[in-house]
Amino acid sequence: MRTVKQIVTARDTEDRLTEKETVSFTSDNQEADICIDPSITYQSIFGFGGAFTEATAYTLSQMSEDKRAEVLHKYFDQNEGIGYNIGRVHIHSCDFALENYTYVQEGDVDLATFDISRDHKWVLPLLKDAMKVKGDTIPLLASPWSPPAWMKTNQDMNNGGQLLPEYQQTWAKYYATFIQEYQREGLEIWGVSVQNEPAAVQVWDSCIYSAEEERDFVKNHLGPTLHENGLEDINILIWDHNRDQIVERASTVLSDPEAAKYVWGTGFHWYVSEDFEQVGEVHNRFPDKHLLFTEGCQEGGVKLGEWFTGERYGRNMIGDLNNWTEGYLDWNMVLNEDGGPNHVQNLCDAPIIADTKTNELHYNSSYYYIGHFSKFIRPGALRIGVTNHHDVLETTSFRNKDGSIAVVVMNESDEHQAFSLGDCDHLIHFELPAHSIATYIVNG
30 MRTVKQIVTA RDTEDRLTEK ETVSFTSDNQ EADICIDPSI TYQSIFGFGG
80 AFTEATAYTL SQMSEDKRAE VLHKYFDQNE GIGYNIGRVH IHSCDFALEN
130 YTYVQEGDVD LATFDISRDH KWVLPLLKDA MKVKGDTIPL LASPWSPPAW
180 MKTNQDMNNG GQLLPEYQQT WAKYYATFIQ EYQREGLEIW GVSVQNEPAA
230 VQVWDSCIYS AEEERDFVKN HLGPTLHENG LEDINILIWD HNRDQIVERA
280 STVLSDPEAA KYVWGTGFHW YVSEDFEQVG EVHNRFPDKH LLFTEGCQEG
330 GVKLGEWFTG ERYGRNMIGD LNNWTEGYLD WNMVLNEDGG PNHVQNLCDA
380 PIIADTKTNE LHYNSSYYYI GHFSKFIRPG ALRIGVTNHH DVLETTSFRN
430 KDGSIAVVVM NESDEHQAFS LGDCDHLIHF ELPAHSIATY IVNG
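Position one of the sequence shown corresponds to residue 30 (the numbering used here), numbered consecutively onward.
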């Protein structure tokens with residue numbers, strides 16, 4: 030008999046990824062409110078994870094060893110934690126670093142002084158310890174926020190500016206050298222994005238590329254340079270910015286076959302827009318390319334105990350996964366009690382807040398909401414058909430490699446919601462509390 034395991038997180042209760050009683054389907058010819066159809070399949074899941082920023086790594090270095098270890102297990106342990114399996118790193122500094130920094134000395138066009146020793150302080154030890162917890166390598170997406178100041182039109186890592194044409198090849202070689210240095214440390218750079226948020230002039234590390242400039246940099250410099258250095262297996266992602274302009278950017282780059290041949294797919298963020306259909310439209314236009322959510326966080330400092338942050342994650346994850354997204358990368362995995370450190374005070378929230386003054390860890394609602402996906406939708410899972418007849422509930426459904434089906438259902442309303450979950454011949458009745466999320470594991 031087919032059984033369903035229930036895992037629930039709900040506001041105004043003690044339930045946080047709490048397993049409830051396992052129940053069995055009953056035969057019923059009525060159509061369920063949420064009806065799954067495993068015969069219809071969509072994209073395969075690459076994974077879920079977060080960013081190993083310098084801010085995250087530094088903050089954890091300020092905590093006791095047992096608290097640092099707890100965080101790694103809460104993220105990367107499949108049983109104790111939420112089963113993260115991928116990650117993101119920044120190529121030299123980003124805003125969530127302690128300061129602007131690069132890996133080379135000014136004017137070194139040959140990259141003879143390339144040196145990642147700064148990353149040995151905090152980032153690399155954290156990455157290696159996370160790998161030990163996971164028991165395997167962690168595929169990493171590496172993203173630059175800005176070239177070195179001397180390579181840019183504004184001679185500043187911050188405040189936008191553009192890559193000077195005479196340094197395009199040097200900058201392309203910079204990616205390759207970074208990848209090789211990380212590989213020597215036993216780390217797996219799975220892919221690179223061309224530029225973090227290439228349409229935003231920010232007061233922190235930033236650099237502007239038009240769609241045509243990004244296309245031409247990939248086609249003429251980054252793609253060929255990776256291939257020439259034996260790095261043709263490194264996946265290149267374009268855009269790495271918000272959904273609102275994703276179709277325009279992808280269309281410009283991927284419509285050029287000489288650029289597209291180097292590009293794995295499109296990365297995107299959640300700021301500005303929750304227009305999930307824009308993500309699906311990129312798939313519709315370029316079905317042979319991939320989609321990866323590469324960054325999202327709650328802005329405006331720490332939001333301890335707030336529930337809307339978790340719901341923001343849940344809503345975005347369901348919306349993107351239902352539109353061909355293959356994985357989800359959160360931003361900082363951990364920040365301090367202020368929502369930093371950040372070298373321009375662009376303070377934000379994180380799923381885990383580490384109070385460096387009291388050595389306490391605080392788990393936000395976002396941690397649990399992410400876990401309803403990452404812990405139960407495993408790498409290689411296939412999204413399957415699901416018909417949602419319920420007016421209030423949001424849902425997505427995946428079949429794991431072991432045959433189990435994970436159905437995530439979210440209730441953002443102020444009321445309990447009764448619903449039935451089933452397939453063609455069987456269903457079962459559930460009730461979701463107000464402001465809750467549940468994962469239902471269907472076996473058999």
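A few of these clues could be false.
[Stated by the list, open to error] Derived EDC-like pairs (lysine to aspartate or glutamate); straight-line CA-CA distance at most 16 Å:
#, residue 1, residue 2
1, K161, E214
2, K332, D285
3, K157, E210
4, K332, D384
5, K202, E109
6, K290, E310
7, K404, D144
Rather than coming from a laboratory, the hints here were simulated on the basis of the structure.
Review point. Which of the listed hints are not met by the structure?
Key: 2, 5, 6, 7
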